[in-house]
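K.L.:
Using the sequences and the hints, build the whole thing.
Listed below are the residues making up each chain.
2 protein chains.
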Amino acid sequence: MNFENFIRNIPDFPIKGIQFKDITTLLKDSEAFPMAVDYMYAPFRTEEITKIVGIESRGFIFGAALAYKLNVGFVPVRKPGKLPAATLSEEYQLEYGKDSLEIHKDAINSLDRVLIVDDLLATGGTAAATCALIKRLEGTIVGLTFLIELTQLKGREKLADYEVHSLIQYEI
Amino acid sequence: MNFENFIRNIPDFPIKGIQFKDITTLLKDSEAFPMAVDYMYAPFRTEEITKIVGIESRGFIFGAALAYKLNVGFVPVRKPGKLPAATLSEEYQLEYGKDSLEIHKDAINSLDRVLIVDDLLATGGTAAATCALIKRLEGTIVGLTFLIELTQLKGREKLADYEVHSLIQYEI
Chain A
149 MNFENFIRNI
159 PDFPIKGIQF
169 KDITTLLKDS
179 EAFPMAVDYM
189 YAPFRTEEIT
199 KIVGIESRGF
209 IFGAALAYKL
219 NVGFVPVRKP
229 GKLPAATLSE
239 EYQLEYGKDS
249 LEIHKDAINS
259 LDRVLIVDDL
269 LATGGTAAAT
279 CALIKRLEGT
289 IVGLTFLIEL
299 TQLKGREKLA
309 DYEVHSLIQY
319 EI
Chain B
149 MNFENFIRNI
159 PDFPIKGIQF
169 KDITTLLKDS
179 EAFPMAVDYM
189 YAPFRTEEIT
199 KIVGIESRGF
209 IFGAALAYKL
219 NVGFVPVRKP
229 GKLPAATLSE
239 EYQLEYGKDS
249 LEIHKDAINS
259 LDRVLIVDDL
269 LATGGTAAAT
279 CALIKRLEGT
289 IVGLTFLIEL
299 TQLKGREKLA
309 DYEVHSLIQY
319 EI
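In the order they appear, the protein sequences are chains A and B.
For the first sequence, the numbering used here begins at 149 and goes up steadily by one.
For the second sequence, the numbering used here begins at 149 and goes up steadily by one.
Rather than coming from a laboratory, the hints here were simulated on the basis of the structure.
Any given hint might turn out to be false.
Intra- or inter-copy, both count: the list cannot distinguish identical chains.
The calculated DSS-like cross-link candidates involving lysine-lysine, where the alpha carbons are at most 30 Å apart (straight line), are [to be verified]:
#, residue 1, residue 2
1, K164, K253
2, K253, K227
3, K283, K253
4, K217, K164
P.N.:
Right, here's the structure in full:
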């Protein structure tokens with residue numbers, strides 16, 4: 149299956165000059181969505197995994213499906229103020245300014261082997277912040293898997309310590 | 149399995165007086181999460197379903213897992229401005245003021261048989277708005293399924309035309 153055929157390009161969204169990669173055309177397809185989940189997992193199939201971490205909010209879609217497939221727990225990494233119990237927080241750089249991500253302190257422990265899931269690897273800021281959160285909780289990071297990678301933004305360089313997989317690459 | 153044992157009560161979140169039902173303690177459990185997805189689906193197992201609609205953002209978690217299980221497409225209903233292509237929008241009432249939800253116009257068609265998934269049925273505002281969006285796209289609503297229902301808020305009354313299922317009920 150050529151997954152790229154299921155991605156819709158939206159020019160000038162959310163701002164002029166950006167070619168937005170719309171994944172909803174893949175999600176709504178009864179063959180492409182489950183198969184994308186399977187292929188995002190495939191490189192890690194020999195690894196023992198105890199938790200899937202999904203990054204808000206499109207990472208929840210692929211991450212939760214994969215957690216269900218593997219019969220393991222799902223852990224959401226969220227924007228500030230969304231998680232109700234005690235959290236750790238990690239900042240990351242935006243083009244202008246900063247933002248941060250949070251995880252529940254009791255979501256991961258030192259016995260966990262974690263696969264991180266998101267729809268898009270761009271600059272790698274959110275992914276690297278998520279890795280930092282998991283390391284602070286002493287979890288082992290098995291790897292990171294993405295549906296789409298924008299290779300020119302070099303997000304992989306921020307994740308050099310880890311196994312990184314993506315299903316579709318765009319050189320834009 | 150008593151799913152209620154996996155829900156954590158957080159007093160005074162997000163504001164004083166609210167007893168927030170934290171589902172992350174269920175999500176991270178390798179048995180409770182997949183089984184909750186299975187049980188949320190169980191009452192609809194004899195229905196033909198072609199699409200799962202999940203409501204942003206915790207509805208993505210249960211909805212995507214269920215779409216994966218059933219080998220059907222997943223359709224996100226999102227807060228305004230998040231979906232990049234042509235959308236329909238539907239307003240709903242908040243305690244003070246209004247908000248709205250959006251769906252892609254091409255996400256559902258008249259042949260679709262849709263199950264709507266979310267984590268929480270409270271006043272039913274977002275669920276009823278989601279039903280309206282699906283009806284405007286001429287999809288058939290098979291039913292709605294929730295992890296938690298706050299029965300005193302009577303959300304079910306707004307959904308009287310549909311089959312509604314919840315796994316855990318709180319009378320608060």
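K.L.:
All hints, please: hold or fail.
P.N.:
Evaluation of the provided hints:
In this homomeric assembly, K164 and K253 come within 30 Å of each other (Cα to Cα) only across copies, at 22 Å, whereas the closest approach inside a single copy is 39 Å. Both within a single protomer and between protomers do K253 and K227 lie at most 30 Å apart by alpha-carbon distance, with minima of 15 Å and 28 Å respectively. For a Cα distance limit of 30 Å, the shortest separation of K283 from K253 inside one copy, 12 Å, qualifies, whereas the shortest one across copies, 42 Å, does not. Neither within a single protomer nor between protomers do K217 and K164 lie at most 30 Å apart by alpha-carbon distance, with minima of 38 Å and 38 Å respectively.
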